[in-house]
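Engineer: If you want the building blocks of each chain, they are given just below.
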Amino acid sequence: MGAIGVIALNAFRESLRDKILYNLVLFAGLLIGLSVLLADLSITEHHKVIVDMGLAAINLIGVIIAIFVGISLVNKEIERRTIYTIMARPISRASFIMGKYLGLALTLFVNMAIMWAVFLLTLWLYHVSIQPSIFQAVALIFVEILVVTAIALFFSTFTSTTLSAIFTLGLYVIGHLTADLRAMVANSDSGPIKSLVDLLYYLCPNLEMLNIKGQAAVGVVAAPEYVMLASLYGVMYAGVLLISACVVFQQRDF
Amino acid sequence: MDDIVTDNLTKSYASGWPGRPPFVALDGLSLTVRRGEIFGFLGPNGAGKTTTLKILLGLVRATSGQAYLLGQPAGDVAARRRIGFLPESPYFYDYLTAEEFLGFYGQLAGLARSAITQRVTDLLGLVGLTDARTRQLRKFSKGMLQRVGLAQALIHDPELIILDEPMTGLDPVGRKQVRDLILNLRDRGKTVFFSTHILHDVEMICDRVGIVMKGRLVASGRVDELVRQDHTQSVEVVCQQLKVEENAFIHSLATRVLQQGQQCLIVLPSPDAVDALVGEIRRQGGRLLSVTPHKASLEDLFFQEATQRTSPSLPHVTSGRAS
Chain A
1 MGAIGVIALN AFRESLRDKI LYNLVLFAGL LIGLSVLLAD LSITEHHKVI VDMGLAAINL
61 IGVIIAIFVG ISLVNKEIER RTIYTIMARP ISRASFIMGK YLGLALTLFV NMAIMWAVFL
121 LTLWLYHVSI QPSIFQAVAL IFVEILVVTA IALFFSTFTS TTLSAIFTLG LYVIGHLTAD
181 LRAMVANSDS GPIKSLVDLL YYLCPNLEML NIKGQAAVGV VAAPEYVMLA SLYGVMYAGV
241 LLISACVVFQ QRDF
Chain B
255 MDDIVTDNLT KSYASGWPGR PPFVALDGLS LTVRRGEIFG FLGPNGAGKT TTLKILLGLV
315 RATSGQAYLL GQPAGDVAAR RRIGFLPESP YFYDYLTAEE FLGFYGQLAG LARSAITQRV
375 TDLLGLVGLT DARTRQLRKF SKGMLQRVGL AQALIHDPEL IILDEPMTGL DPVGRKQVRD
435 LILNLRDRGK TVFFSTHILH DVEMICDRVG IVMKGRLVAS GRVDELVRQD HTQSVEVVCQ
495 QLKVEENAFI HSLATRVLQQ GQQCLIVLPS PDAVDALVGE IRRQGGRLLS VTPHKASLED
555 LFFQEATQRT SPSLPHVTSG RAS
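Chains as they are written, first to last, in my numbering: chain A, 1 to 254; chain B, 255 to 577.
Quick caveat, the hints were computed from the structure, so don't treat them as lab data.
These numbers come from a predicted model, not from an experiment.
Do not rely on the hints blindly, as some may be mistaken.
[To be verified] Not everything, but these chain A residues come out facing chain B in the computed CB check (under 7 Å):
hint, residue
1, Val6
2, Asn10
3, Glu14
4, Arg17
5, Arg80
6, Arg81
7, Tyr84
8, Met87
9, Ala88
10, Arg89
11, Pro90
12, Asp253
13, Phe254
[As the list claims (entries may be wrong)] Here are the in silico distance ranges between beta carbons for each label pair:
hint, chain 1, residue 1, chain 2, residue 2, range
14, B, Gly270, A, Tyr201, 31 to 37 Å
15, B, Asp348, A, Leu26, 21 to 27 Å
16, B, Asn299, A, Ala139, 53 to 59 Å
17, A, Phe68, B, Asp385, 34 to 40 Å
18, A, Tyr22, B, Asn262, 53 to 59 Å
Just so it is clear, CB atoms sit at the ideal spot from N, CA and C, and this is done for glycine as well.
With these hints in hand, go ahead and build the complete structure from the sequences.
Structural biologist: Okay, structure coming up:
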């Protein structure tokens, strides 16, 4: 196994032993509890609410783990000085970054797989038909989480944990608003404002592109080309961030 | 053949404030460590020892100057394959057991799984942690962490072992174990380069030492040579039946005179005055009991250098003593 694999598996083992997967208990409780509650309150859109709730919960918990584990991936190694013995080994700094990223991605994948299973179980219990759109939505949620993890990791290579959290959260929120902002200023007469919003639109991740939860809740299946294109966009954006993280990390003194 | 070579190594850190001069951690440090020797890298806190080690390992980039390990530029991945490193006060992945921890570093070093199993068993035995094999590191004492840290530095049987303050946090038994381990490594042809401020350990095991003060190498060489270079050896003379209080001649020779009942201790600053003092004792009818030359220790040399560096009125000692 190469150095990247060794570091990735160790990062995965760390998240298991730090009991990060305990959040799944919270997720299951939240999902089933709220579904029961909403099933009682809702009269007409009972099924839609359950699908909406489930996808939102998977998304939220995935993003929270991606941000709060991602921002400490590198910083924790430096603060605790574990990085010294790792970097004294015959591995490149880029391998370290990639290993840490893949380790967290593996954790998130396992997390999502279990949450997905709980979600399907809930749908089955409430006799909600399982549409292909739900699979599409979950796939794009995972892509979004990969992007958010890359953002968190990128910031953690050069700023403190607190600042990384603020920047990542900020970019996550902006990433969901840029398309709306662009539409809002489309008719504006102010050239500078339009340019600024255009810059934000192209620079920040367009996370809204990866959000098809609303469609999935009503059973509208997205075009496979769209899902492919959106996934490609997300993976490429994460790739650019990872390369940037490696470049920044290469210059760091420990 | 030299395993470590640094040439005019300098590292400075920006102060972060405009107009303020940068902090110079290393100031033209040049040293060599020969293959198969134990080299002690001495210096007070903040002298630049850890910075030097970090540059050698590629953790920090030098502002200027060159550093080579095993013939490769410092930080080179190929060189790191042949190096073992233990940082100061190590903190490791505490969720791992001792065997998982060593296995992880063995994998990073590129060892085969079968070789790792054998090495882990051997090394845990060597550092006395066989019983703690399946215990998580978070349950280890500081001394145990230091020992398992040493084991990880040796997992791939490196040619050059770099240790940052390896005796810190160890009790006397643990320190002796580490000393024996270092000597054992030298006997097997390994080169050991370690930083420390525990001078006693250095005197006992090092072939050569380097003393770094304020980022500069101020002395380097064999311990006995360095100590011999120092001309402040004192001599203690003990005699009896001699009244020294009113003897101005003896007081003029001695740096310290102590009368205790019949016996009298006279400390001379150098051996040069011994003949004159012995003659005076005989003239005064005293009885000479002993003459003991006090050999200057590495500690004396260390403090002398440290005092010179901290006293602003004294100039720097020339680096001609460094090699």
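Engineer: The structure should be examined with respect to each hint, and the outcome stated for every one.
Structural biologist: Each hint, compared with the structure:
1. Val6: The hint holds - Val6(A) has a Cβ within 7 Å of chain B, the shortest such distance being about 4 Å.
2. Asn10: holds, 6 Å
3. Glu14: holds, 6 Å
4. Arg17: holds, 4 Å
5. Arg80: holds, 5 Å
6. Arg81: holds, 5 Å
7. Tyr84: holds, 4 Å
8. Met87: Since chain B brings a Cβ to about 6 Å from Met87(A), closer than 7 Å, the hint holds.
9. Ala88: For Ala88(A), the interface hint holds, since the closest Cβ of chain B sits about 4 Å away, which is under 7 Å.
10. Arg89: OK, holds: Arg89(A) within 7 Å of chain B, min 4 Å.
11. Pro90: Pro90(A) check passes; min Cβ-Cβ to chain B is 4 Å, inside 7 Å.
12. Asp253: Nearest chain B Cβ about 4 Å off; hint holds.
13. Phe254: Constraint on Phe254(A) satisfied, holds at 4 Å.
14. Gly270(B) / Tyr201(A): 31 to 37 Å: Distance hint for Gly270(B), Tyr201(A) holds at roughly 35 Å.
15. Asp348(B) / Leu26(A): 21 to 27 Å: For Leu26(A) against Asp348(B), whose Cβ atoms are near 25 Å apart, the range 21 to 27 Å holds.
16. Asn299(B) / Ala139(A): 53 to 59 Å: holds, 55 Å
17. Phe68(A) / Asp385(B): 34 to 40 Å: This hint holds: roughly 37 Å between Cβ atoms.
18. Tyr22(A) / Asn262(B): 53 to 59 Å: Taking Cβ atoms as reference, Tyr22(A) and Asn262(B) lie about 54 Å apart, which means the hint holds.
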